[in-house]
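Trainee: Generate coordinates for the entire structure from the input sequences, incorporating the hints supplied.
Each chain, written out:
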Amino acid sequence: METYLSGLYFCSVMATKVFDRDTLLDLTVNFIPLFILVFFIVGYTVYNPFGLDSVSRILQYVLLAAPFVLLAILTYLSGKAIATAEKTSTVYMPGGATVDDAEPLEEREDE
Amino acid sequence: MQITGQLALTVLMGLFLVIIAAWLARIEDWRSYTPLGSGGAAGESGYISREKPAGISRWLTTVDHKDIGMLYGLYGVIAFVVGGLMIMLMRIELLDPGMTLLSNTFYNSLLTSHGITMLFLFGTPIIAAFANYLVPLLIGADDMAFPRINAIAFWLLPPGALLIWAGFFPLGDIIPAQTGWTLYTPLSAGVGGGNQANAGVDLMILGLHLTGVSATMGSINFIATILTERAEEVTWANLDIFSWTILTQSGLILFAFPLLGSALIMLLLDRNLGTTFFSIEAGGTMLWQHLFWFFGHPEVYILVLPPMGIVSYVLPRFAGRRLFGFKFVVYSTLAIGVLSFGVWAHHMFATGMDPRLRASFMAVSLAIAIPSAVKTFNWITTLWNGKIRLTTPMLFCIGFVSNFIIGGISGVFLASIPVDLVLHDTYYVVGHFHYVVMGVIAFAGFAGLYYWFPMFAGRMYQRRLGKIHFWTWMIGSNITFLAMIVLGYGGMPRRYATYLPQFATFHQIATLGAFLMFVGGLVWTYNFVVSWLEGPKVQDGDPWELREDGMYTNEWQWFENKQETALADGGDGDEEDGLVADGGEPTDE
Numbered sequence: 001m002e003t004y005l006s007g008l009y010f011c012s013v014m015a016t017k018v019f020d021r022d023t024l025l026d027l028t029v030n031f032i033p034l035f036i037l038v039f040f041i042v043g044y045t046v047y048n049p050f051g052l053d054s055v056s057r058i059l060q061y062v063l064l065a066a067p068f069v070l071l072a073i074l075t076y077l078s079g080k081a082i083a084t085a086e087k088t089s090t091v092y093m094p095g096g097a098t099v100d101d102a103e104p105l106e107e108r109e110d111e
Numbered sequence: 001m002q003i004t005g006q007l008a009l010t011v012l013m014g015l016f017l018v019i020i021a022a023w024l025a026r027i028e029d030w031r032s033y034t035p036l037g038s039g040g041a042a043g044e045s046g047y048i049s050r051e052k053p054a055g056i057s058r059w060l061t062t063v064d065h066k067d068i069g070m071l072y073g074l075y076g077v078i079a080f081v082v083g084g085l086m087i088m089l090m091r092i093e094l095l096d097p098g099m100t101l102l103s104n105t106f107y108n109s110l111l112t113s114h115g116i117t118m119l120f121l122f123g124t125p126i127i128a129a130f131a132n133y134l135v136p137l138l139i140g141a142d143d144m145a146f147p148r149i150n151a152i153a154f155w156l157l158p159p160g161a162l163l164i165w166a167g168f169f170p171l172g173d174i175i176p177a178q179t180g181w182t183l184y185t186p187l188s189a190g191v192g193g194g195n196q197a198n199a200g201v202d203l204m205i206l207g208l209h210l211t212g213v214s215a216t217m218g219s220i221n222f223i224a225t226i227l228t229e230r231a232e233e234v235t236w237a238n239l240d241i242f243s244w245t246i247l248t249q250s251g252l253i254l255f256a257f258p259l260l261g262s263a264l265i266m267l268l269l270d271r272n273l274g275t276t277f278f279s280i281e282a283g284g285t286m287l288w289q290h291l292f293w294f295f296g297h298p299e300v301y302i303l304v305l306p307p308m309g310i311v312s313y314v315l316p317r318f319a320g321r322r323l324f325g326f327k328f329v330v331y332s333t334l335a336i337g338v339l340s341f342g343v344w345a346h347h348m349f350a351t352g353m354d355p356r357l358r359a360s361f362m363a364v365s366l367a368i369a370i371p372s373a374v375k376t377f378n379w380i381t382t383l384w385n386g387k388i389r390l391t392t393p394m395l396f397c398i399g400f401v402s403n404f405i406i407g408g409i410s411g412v413f414l415a416s417i418p419v420d421l422v423l424h425d426t427y428y429v430v431g432h433f434h435y436v437v438m439g440v441i442a443f444a445g446f447a448g449l450y451y452w453f454p455m456f457a458g459r460m461y462q463r464r465l466g467k468i469h470f471w472t473w474m475i476g477s478n479i480t481f482l483a484m485i486v487l488g489y490g491g492m493p494r495r496y497a498t499y500l501p502q503f504a505t506f507h508q509i510a511t512l513g514a515f516l517m518f519v520g521g522l523v524w525t526y527n528f529v530v531s532w533l534e535g536p537k538v539q540d541g542d543p544w545e546l547r548e549d550g551m552y553t554n555e556w557q558w559f560e561n562k563q564e565t566a567l568a569d570g571g572d573g574d575e576e577d578g579l580v581a582d583g584g585e586p587t588d589e
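Chains A and B, in that order, give the protein sequences. Note that the numbering used here has the first sequence beginning at 1, numbered continuously upward. Note that the numbering used here has the second sequence beginning at 1, numbered continuously upward.
Everything labelled a hint here was simulated from the structure, so no lab data went into it. There may be inaccurate statements among the hints.
Sample of chain B residues facing chain A (criterion: CB under 7 Å; computed from the structure) [what the hints assert, rightly or not]: (1) Trp23; (2) Leu138; (3) Gly140; (4) Thr228; (5) Ala231; (6) Lys327; (7) Pro355; (8) Leu357; (9) Val364; (10) Ala367; (11) Val374; (12) Gln557.
Glycine included, every Cβ here is placed at the ideal spot set by N, Cα and C.
Mentor: Right under this line is the structure:
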């Protein structure tokens, strides 16, 4: 578990205070498709039955790399926005913040 | 020619009369707006409860997000009925292998219009209906960020629908388009003349363009509203899941629809002004397909993400517990949003495109299955050990999950190139995407319609009829779409009005399922119309007893406040029976 978590910490190079253990665990859901993309990038490099025509080769990698990069950026930004909001303001039940006498959820989340 | 002239005159006169009627209605309303000259207020002046014009003028001039939501809803429902009747004609034709009831060309027209109607005139607008009504309430905003743009976005839709359906109206030589909803060139470019060179295709393209502009305006509005109009308490950490999906969907619309618009303009230019974007010597057959599917695949997620949001929002209310792994669902929604732009060519695996590119599209298509599967597990785990109440909206939510498992998994196989090459252009694909668009998207839409019906109408629907509706649809959709999947395995190709006799049995089974759904649709229509007019009035702001489980949410709080305000000022004229704030009856279970 420790190695797993330190690996996740390594993924978020910066702002480790925002990306604490819980946030990183939440983000694992997006690490899986990112891993699948890396798997195919490596896989197509190692095993490539279709020859090395340069333009198609470049396009092939762009089509895999572009979603990877964009997903990584969006995951980072959204994770940061949510984690920051959790730390700087009261957290209510999603969709229940403006209910009369709404009760904060934070205690339960920390368990 | 003479007939057309007379027709134009009649339409013009009719329009003139409508304008006069609307104008007169407004004059009358100005009087009701005027506060008493003496400075006195309240009483019977109608000032408090008549903040909007009455009658038809209210609906023609409204910029209130809730009214516009209702208009979107009505529009979507009408389109759904039209699209549904179209498919009933087609399914009756398909009872028999030969050409019997409809001509082949009319079948092709219905095929084209059914697809476009359901995707562009029902799917996108019905989602906009929920989003318009609910997002401002859920995030604590007064209204949408740009209320007038909101109104314009809606009012572009009715002319869009008229243009798309123009070929079905008696307008001289104009015939309906028969291009299929994907409008593949060179067929849709009118090459070789024939039916596809008819102006009906041009009108349909223009109509599509209008709906695209409408969707883009709406999406900008939603993004601005969710980013800037949230109440102070509504942070990114507690933004509800439906608003998250609308935000993501709006992002997708923003990048996808303008591209469709450009491609449609290019197609119009090719058809009418002699440009050669899509001619064989220039863009070839592939250019259109790349442009179209770069829009078309995100469109799939534009249609499915908000329904997923509705289910993620409604299902926990009747499971008595919060959504399991809420943040997993949020992040996976965003992941789907990004990845949806990297999978478009999986619709084109069989075109003979470069195998290296095909391999990349396969990889991303497999990757996008993960966030979808994550959501499914979250819904199931939310139900696990929950205090489940099988209300009609809950039944639709569970039906949604069940259908999504079949629809989704049948799609994972298609993402694999070798399997796709076998099943491409067969009824397997038709079965797969109908499981998703009907079994998933429409089911979630109806879950939402039932769940928020007490808020929209102030009345309750008949629960027994609601459940009959659910079961006819659940059984009907599974009969029809499973039969389609079997037909596809047998090699039955898509889009044909006639077929080989060996496919007859399963086509007849599919038609049987369609009839079941038709009956369910009639039950639903009766239930909603009658209940809207005469259903028992909702007595308090918590018709689903959500407070008991601590699941009460912002939009119902707004509804409760509205009812209490109505009580305080004596209510408006429509609520003559009066509303009481307590003693709410359990109205459905």
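Trainee: Take the hints in turn and mark each one as holding or not.
Mentor: Going through the hints against the structure:
1. Hint status for Trp23/B: violated, given a least beta-carbon distance of 40 Å to chain A, over 7 Å.
2. With a cut of 7 Å, the hint placing Leu138/B at the interface with chain A holds, because the nearest CB-to-CB distance is about 6 Å.
3. For Gly140/B, the suggested interface contact is upheld, since its CB lies about 4 Å from the closest CB of chain A, less than 7 Å.
4. Among the interface hints, the one on Thr228/B is violated; its C-beta lies about 14 Å from the nearest C-beta in chain A, farther than the 7 Å criterion.
5. Given the 7 Å rule on beta carbons, the hint for Ala231/B holds: about 6 Å separates it from the nearest Cβ of chain A.
6. Of the supplied interface hints, the one on Lys327/B holds, with its beta-carbon coming within about 4 Å of a beta-carbon of chain A, less than 7 Å.
7. Of the supplied interface hints, the one on Pro355/B holds, with its beta-carbon coming within about 5 Å of a beta-carbon of chain A, less than 7 Å.
8. A least Cβ separation of about 6 Å between Leu357/B and chain A falls short of the 7 Å threshold, and the interface hint therefore holds.
9. A least Cβ separation of about 6 Å between Val364/B and chain A falls short of the 7 Å threshold, and the interface hint therefore holds.
10. Taking 7 Å as the C-beta cut-off, the interface hint given for Ala367/B holds, the closest approach to chain A being about 4 Å.
11. Hint status for Val374/B: holds, given a least beta-carbon distance of 5 Å to chain A, under 7 Å.
12. The closest approach between the C-beta of Gln557/B and any C-beta of chain A is roughly 5 Å, which is under the 7 Å cut-off, so the hint is satisfied.
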